[in-house]
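Undergrad: In case you want the letters, here they are:
Protein chains: 2
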Amino acid sequence: MIAKTKKKILVLGGGFGGLEFCQQFKNTDVEIEIVDQKNHHLFQPLLYQVATCGLSGPQIAQPLRDILRKNDNTTTYLDEIEGISLEEKVAKGKHRSYSYDYLVLALGARTSYFGNNHWAEHTHGLKTLQDAVGIRSHVLECLERAEMEEDPDVRRKLMTFLVVGGGPTGVEMAGALAELGKHVLKRNFRNIDPTKVRVVLVEGADRILGTYSPSLSEKALKQIESLGVEVLCGDMVSDVRPEELDVADKTLRASTIIWGAGVEAISLTRDLDVPTDRAGRIKVLPDCSIPNHPEAFALGDLAHLVDAKGKPVPGVSPAAMQMAKHVATVIEKEIKSGKASHPDQRKSFTYLDKGSMATIGRSKAIAEIGKLKMSGLPAWLAWLLIHLIFLVGFRNRLLVLFDWFYSYISFRRGARVIFN
Amino acid sequence: MIAKTKKKILVLGGGFGGLEFCQQFKNTDVEIEIVDQKNHHLFQPLLYQVATCGLSGPQIAQPLRDILRKNDNTTTYLDEIEGISLEEKVAKGKHRSYSYDYLVLALGARTSYFGNNHWAEHTHGLKTLQDAVGIRSHVLECLERAEMEEDPDVRRKLMTFLVVGGGPTGVEMAGALAELGKHVLKRNFRNIDPTKVRVVLVEGADRILGTYSPSLSEKALKQIESLGVEVLCGDMVSDVRPEELDVADKTLRASTIIWGAGVEAISLTRDLDVPTDRAGRIKVLPDCSIPNHPEAFALGDLAHLVDAKGKPVPGVSPAAMQMAKHVATVIEKEIKSGKASHPDQRKSFTYLDKGSMATIGRSKAIAEIGKLKMSGLPAWLAWLLIHLIFLVGFRNRLLVLFDWFYSYISFRRGARVIFN
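These protein sequence lines are chains A and B, in that order.
If you want the numbering used here, it's the 1-based position in the first sequence plus 1.
If you want the numbering used here, it's the 1-based position in the second sequence plus 1.
You can take every hint at face value.
Taking beta-carbon pairs under 8 Å as the criterion, some of the chain A residues facing chain B (in silico): (1) Lys39; (2) Asn40; (3) Ser57; (4) Gly58; (5) Gln60; (6) Arg66; (7) Asp67; (8) Thr76; (9) Leu130; (10) Glu145; (11) Met149; (12) Arg188; (13) Ala416; (14) Arg417.
To be clear, the hints were calculated from the coordinates, so they are not data collected in a lab.
Where is the CB? At the ideal position from N, CA and C, for every residue including glycine.
Could you put the whole structure together from the sequences, leaning on the hints where they help?
TA: Here you go:
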């Protein structure tokens, strides 16, 4: 008798989706290889805290192979995927090749400049730990230079921070930057007044946090303005040059421009010869499989899908995790049955929206859970609670809590370090 | 009546010596400028913990201007000093110039390659946070590459770590690297066995930790060998090439070579036209002033001094802090008296040795306090206590303790992140 060979599943990407998928197959009789170009899983929702000196990088990053150390069927590789042949069922990495029976594409998104990729040179994106640590160093350096600068125009530019994009990332960044100047750095300088830091949030739509109801957007606007942030809504950025940004008929000057305006799929998807949307996301079938490749799936920020209820699935971590579970069920069923299934025969994915929340600053947040709307302190506490609970597998959950709590009562921040 | 102008003191360097000096003049009627090329004070004794994933960088770094926020007479500048004119009493920075009435040189040391500066290209020094984070990333990357490597020779090289220098830095590094493989990374890999990591400690003298008594050196040797570290004593490194090191008649091959063999003064001292020793340290007068410049002082790793009791002052942080206090007393006295004093009339510096300790690994350390000698767990607990107490001004002392304690009981480490 010939031993039945184990099915080999290749997971590309160790974000929320990829990891959740691996956990679904923990200690089962399949062989999983997971490949990521970083050695760590990143808790992206707190990336802005690293960028604004609240947390250190390692506090929101956990080594993938440590998270998966008890998954004996799973091998982790640090490698960069350069191409995928869906026909030959093999992915080519920088260091080696990975063949598969099933493929799960969960490589996530990158910052989008809407076709103006050269703007990247003049702005800071916020997708990786490196981005965050880079912003932290840059912001601190601008204030250091301002302390020595005698030209008032240059000094003003050094003390101005522009944040593009009024989604959660932009709002959180702008709020945290304003608090940094207003509270954290108080008494730290002799020649400049850090409470005079100017933070401008630029949003093309007519309101910030546009995915929330208008009444909550309005509350968020009031909260962020109370921190001293200037909010410009209704006009798109038309050009970005070094330390300059054009919006409507104005030119804003700032040594720091943070770009949180949009994301797009990583470029790999465009080379796959599969249907993609404008943001490069793969238009998957209702079961999350890639058209004409029933053994290959895309999920999370990489997938474009209108779910079984007719709603577009948003690019948020709960959606990626739900898709991962769904795909795991589909694959598990197929392996158990021992024969290939047609995508039409498989269950369609339905996104369960458990609500969403965005934080603006200390005691300032909004939350929308079904018909329940919250803002201010209750929303902020809910945000804190949920984010701590969801720091899954993060051993330092309690330590992160302590750090936050300390920052809360003392208005000091623990990670004000320039790396260079 | 003309207002008496305040005396202007320029402090170069925000290490233990420079900061201690500033604190001595807190809220007094002088004007202090402190300049450092880093924005943070670094708790160097724990740098090896950052290099071996035990702590994150920000946990051992505190912003200088935050430490000094309540010193209203003190202005902090982030600048790199490029030259000093002792005649004109002015230091030239990259960004501006700094004139002074009194100068305190406390810029510290850098890694010394004993004249073979090209060895720096093939090895990792350990003096800055960047060095430590660089070693951390490199070590983790080597193991990642080993997990993918099929050639057994290359794999062995990737899993070999050479540490040059059997002083505290080298011993701590070697011990922590061995523990990383033996305990922390257990079960994390599928193709390699991290407990098989080879750590070699190379020391030119005939015993490690040569500043301690021979009996303690012997105990340290047993403790570090019990962790699996190979110790080579009695031969100097004769050459270093990429991934190769010659010692005695052997060539050792390793992808990681860490250099902790020696320090020398930063190069600036050699341009000052003042007497220096072979390591570039300024030969100061008994009051710590620079010969022929009674208003300029050097202290810490930058100063060469045989103290009033005839003992050479060692390059350790307690010595730097004691020198800082001494210099502060000398300057204060002179300012109060209103007239310049001659170095001969000033009090001579005497170093008070409060003992020293070195850690080797979990529950492994040695300590020598006067005639008291300790090793093993008691020495390790003493080391832990002293280092926590001396994390002066570090707000996260308690958090660092928690992190250590957690690492101690779980053998996991919180900062296993590759930054690149």
